[in-house]
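Q: Can you build the whole structure from these sequences, using the hints too?
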Amino acid sequence: MNSDLKTIVPGAAPGTAGNPNEEWRTALYEAAAEVFEMMVGESVSRQPEATPGAVNDTTAMVGLAGALCGVMSIRCSASSATNIASKMLGEPVQSSACIEQQLDALGEICNMVAGNFKSRIEGLREQCMLSVPTVITGQDYCLHSLADDDRIEVGLLFQGQPIILRLEVHG
Amino acid sequence: MSNIRALIVDDSSVMRKIVERCLRQAGVQLATVYEASNGAEGLAVIGNNQVDLILSDINMPVMDGLEFVKNLQSADNAKNIPIVMITTEGGEAQVTQALTLGAKGYIRKPFTPDQVKQHVVPLLRVE
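Heads up: the sequence lines are chains F and H, in that order.
Going letter by letter, the first sequence gives residues 0 to 170 in numbering that gives the first Met the number 0.
Going letter by letter, the second sequence gives residues 0 to 126 in numbering that gives the first Met the number 0.
Don't read these hints as lab results, they were simulated from the structure.
Incorrect hints may have been included.
Said to hold, decoys possible - Straight-line C-alpha distance at most 30 Å; calculated DSSO-like pairs for lysine-lysine:
1) H/K103 - H/K78
2) H/K116 - H/K69
3) F/K86 - H/K69
4) F/K86 - H/K116
5) H/K116 - H/K103
6) H/K16 - H/K103
Stated by the list, open to error - So these bits of chain F aren't anywhere near chain H, every CB distance computed over 10 Å:
7) R24
8) Q46
9) P91
10) E107
11) N115
12) E121
13) R124
14) G137
15) Y140
16) I163
17) R165
C-beta atoms are modelled at their ideal positions from N, C-alpha and C, and glycine is treated no differently.
A: Set out below in structure tokens:
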């Protein structure tokens, strides 16, 4: 990992100025808020705690490589993914008929949040590359990532429904 | 800015539709909109059609946007087509590379319709 980033990575050594986890969490939230505002045309609010029993059966992921290695993911319900796609396209998307558009929209949102996030962290914009997005549907899966050293999670509310944004960092 | 034949290259069909909508909102009268999901498909479109404007993502499978632009410069019928890159990758090195290869503009995602207008309309007026 790039030495310039050591002071702001999650789980950085004690004595570092500020709270690196909170700084990254804030950057993650701001990145997502801007993407939703500009591309979905609707604002999201920050949710302090996860909603118990929430169904998040659609997951989009983007890999990060370079100065920061890890996985950015965004999880929400299929109905939220449908709403996001509808808002982005400016026309109604039927959940059963246009699953491709829902997945495409969520993957693109994840991609833009990851790109926007890295541009907010000094040293990442130039030295960190993104993969093309991958989208998984269903809840019965277990993701095993090498990026299991640190994790930042931010809860969002979109049209009253929870969205979980997660950054897993491989230190 | 009338009867413009635009090629939009992005692996996301949703983004292609958003870019098209932004062009229309910018007052660009589109005669034809060609779509391609990667650079290789984009080159195939260029090989078979006359195009006035290209908007391309960078991070795509099969052939990325930078490779696409590089290939366009060696195609006789594509050298003078204005190209605007639209991408999440926004590092200075990448911007410089895209412009050096022949792109005329660069828009970072997320973007507003106004940003698309700002970057695209002057290119069409010049052309």
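Q: Now, for every hint given, state plainly whether the structure supports it.
A: For each hint, the structure was consulted:
no., hint, verdict
1, H/K103 - H/K78, "holds, 12 Å"
2, H/K116 - H/K69, "holds, 25 Å"
3, F/K86 - H/K69, "violated, 35 Å"
4, F/K86 - H/K116, "holds, 21 Å"
5, H/K116 - H/K103, "holds, 14 Å"
6, H/K16 - H/K103, "holds, 22 Å"
7, R24, "holds, 20 Å"
8, Q46, "holds, 21 Å"
9, P91, "holds, 14 Å"
10, E107, "violated, 5 Å"
11, N115, "violated, 7 Å"
12, E121, "holds, 13 Å"
13, R124, "violated, 5 Å"
14, G137, "holds, 21 Å"
15, Y140, "holds, 23 Å"
16, I163, "holds, 20 Å"
17, R165, "holds, 18 Å"
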